[in-house]
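Chemist: If you want the building blocks of each chain, they are given just below.
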Amino acid sequence: MHFDGTDAYIAEKDLTVAVNAAIQLEKPLLVKGEPGTGKTELARQVASALGLELLEWHVKSTTKAQQGLYEYDAVSRLRDSQLGDARFNDIRNYIRRGKLWEAFATDQRVVLLIDEIDKADIEFPNDLLQELDRMEFFVYETGETIRARNRPIVIITSNNEKELPDAFLRRCFFHYIKFPDAETLSRIVDVHYPGIKRSLVNAALAQFYDLREVPGLKKKPSTSEALDWIRLLVADDVQPEDLRGDAKNALPKLHGALLKNEQDVHLFERLAFMARRQG
Amino acid sequence: MFIPFFLELKAAKVPVSLREFLTLLEGLDADLVTYDVEGFYYLARAALVKDERFIDRFDQVFAHVFKGIEAVSGDGGVDAANLPEEWLRRLAEKHLSEEEKKLVEALGGFDKLMETLKKRLEEQKGRHQGGSKWIGTAGTSPFGAYGYNPEGIRIGQDASRHRRAVKVWDKRDFRNFDDNVEIGTRNIKVALKRLRRWVRAGADEEFDLAGTIRSTAEHGYLDVRTRPERRNAVKLLMFFDVGGSMDDHIRVVEELFSAARAEFKHMDYFYFHNCLYEGVWKDNRRRHSEVLPTFDVLRTYGSDYRVIFIGDAAMSPYEIAYPGGSVEHWNKEAGHVWLSRLLGHFPHAAWINPTPQNHWNYTHSIGMIRELFAGRMYPLTLGGLDQATRELSR
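Keeping their order, the protein sequence lines are chains A and B. Those letters in the first sequence? Residues 1 to 279, by our numbering. Those letters in the second sequence? Residues 1001 to 1394, by our numbering.
Note that these hints are calculated values from the structure, not bench results.
Capping the alpha-carbon separation at 27 Å, the derived lysine-lysine pairs in DSSO-like fashion look like this: (1) 13/A with 1067/B; (2) 60/A with 1235/B; (3) 218/A with 1189/B; (4) 253/A with 220/A.
Here are the simulated distance ranges between beta carbons: (5) 143/A with 1382/B: 33 to 43 Å; (6) 159/A with 1250/B: 17 to 27 Å; (7) 1359/B with 210/A: 44 to 54 Å; (8) 138/A with 1034/B: 34 to 44 Å; (9) 1208/B with 159/A: 28 to 38 Å; (10) 1357/B with 165/A: 19 to 29 Å; (11) 35/A with 1196/B: 30 to 40 Å; (12) 145/A with 1248/B: 48 to 58 Å; (13) 105/A with 1359/B: 52 to 62 Å.
Fair warning: this is a prediction, and the values are worked out from it, not measured in the lab. All residues carry an ideal CB built from backbone N, CA and C; glycine is no exception.
All chains, full assembly: derive it from the sequences and hints.
Modeler: As structure tokens, this is what we get:
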């Protein structure tokens, strides 16, 4: 099994080395990076490139580690016992499998995405240490040990909202997706919008990088915003000449796709105002 | 094998553990990268560095330790003296076929081969192609690339990829992320966790399994019981000193603030300057127009609130001891009056001081505040936070 990026996903060499290391050595891969640089997309692309099934576990602030393993539905069992349902004799009927169990139990190797692990409680990663390391866990209710038949390819994403514990980090490979340079970004645009006008892309990306350079932006636009914006430009049939604009117009066309924060928009309006005054 | 590299990383304060180092060796063993310095760099980075903060430090160590590789693959000839022998030997040993190994024996063993290689590297000037002795491409010498001995010791592939790789770590893209944090948000949160008191309060929303079972057994029919959810009942009030000498400590105070914000449901904060007087404020930009009387704070928050003051307590002693001592306005009552009034209302209080503890004795006002707080002043370190939360949770 070897991952080299896909038709729809440009993977730099550093990323492919990290992904292949995780695949070969069967260790989880922790992916960090600015929002919108394709962390979640990576898992989907790895799955499709290797032709494996993808299991997604989206973590929320209320998610507990146990939910990834299994949950024992005591209430249903209690109710069934009252109704005289024969099913209640077997506790296994009331154990609901979590994503991790599903990933362990499949016949074929799968890709397991644990998305946004930093959203959960601070102890969440610690509770999964043994499970991810040994790829097995113990079910107290039935007394059985679930062991992975095929160790899944585990990809974990984090947005850096919380620091992850060292013991957890030590068990993972780590990759930081840095923001692509202009050359890579134009390759990414090509992959997403083949046959797009070269001149438009160049003008748009030049403006995009200028925008990212503006100091004091609350949320810098990233890859996914650039792609959305270019799609809008194409849909509106904007000409590259219109796009370049002049100094008086600091806000790019259709800026709603790029600036997601009204403070940032105000910042740009102020810049435009100052440019007008000088001119 | 790469132990010096590992030790240098440790010395450069990149948090690497033996486990991660073994992972790297395992990766090399599994042939994840071959003959490829750039690939090796990426693999080592993925295995050893776990936070973008440390990538820059890692890059520097890598550039330093593997300087020899750069020389081997550079255009400007080969620097034989710096040839990293272990690196070559490992790659070579792994990929020599039986026949080639015999050839190596015939040439006088591996060490001899390395000797010869070094000698030839010294003799050789310029690029060489073909032939059977010189190192170059497409030859029969065991040294070089694309030759009869293709898996031999590959030196200087034409597409000078190694040079590009060297640039990858010399670019130091990750410089911005290195911040040398000693006390991270996570650590603060863990320290603050001590300040927890679980209480079941509020509406009965949680299913009570044990209670239901007991009640069902007692009654003989299904009797579902619910109970209130467990909540952290600790209420926290924080007073931050802002401006002036506190500017030096702003980052760590921000971290403490955000950690506390996330950790406590009942948490409120106010700002003051240097010492507490009759007014506090919540928004620094409007500190002069929206001042809240301290009496209102005392009336609003019950005495079950835990109070934490964060400030360096560095001020003129007059600011504490005399009416009118404030640097900003005319205060009718002295700072110590207000502080003791507050301490009288909130029995659980502590002062956290970002100034290092061994400097405390040099500032008179710190001693005065400490006295007012009956010694409950702690440094803004993990140990200090720990002590403070212990004191507050009594």
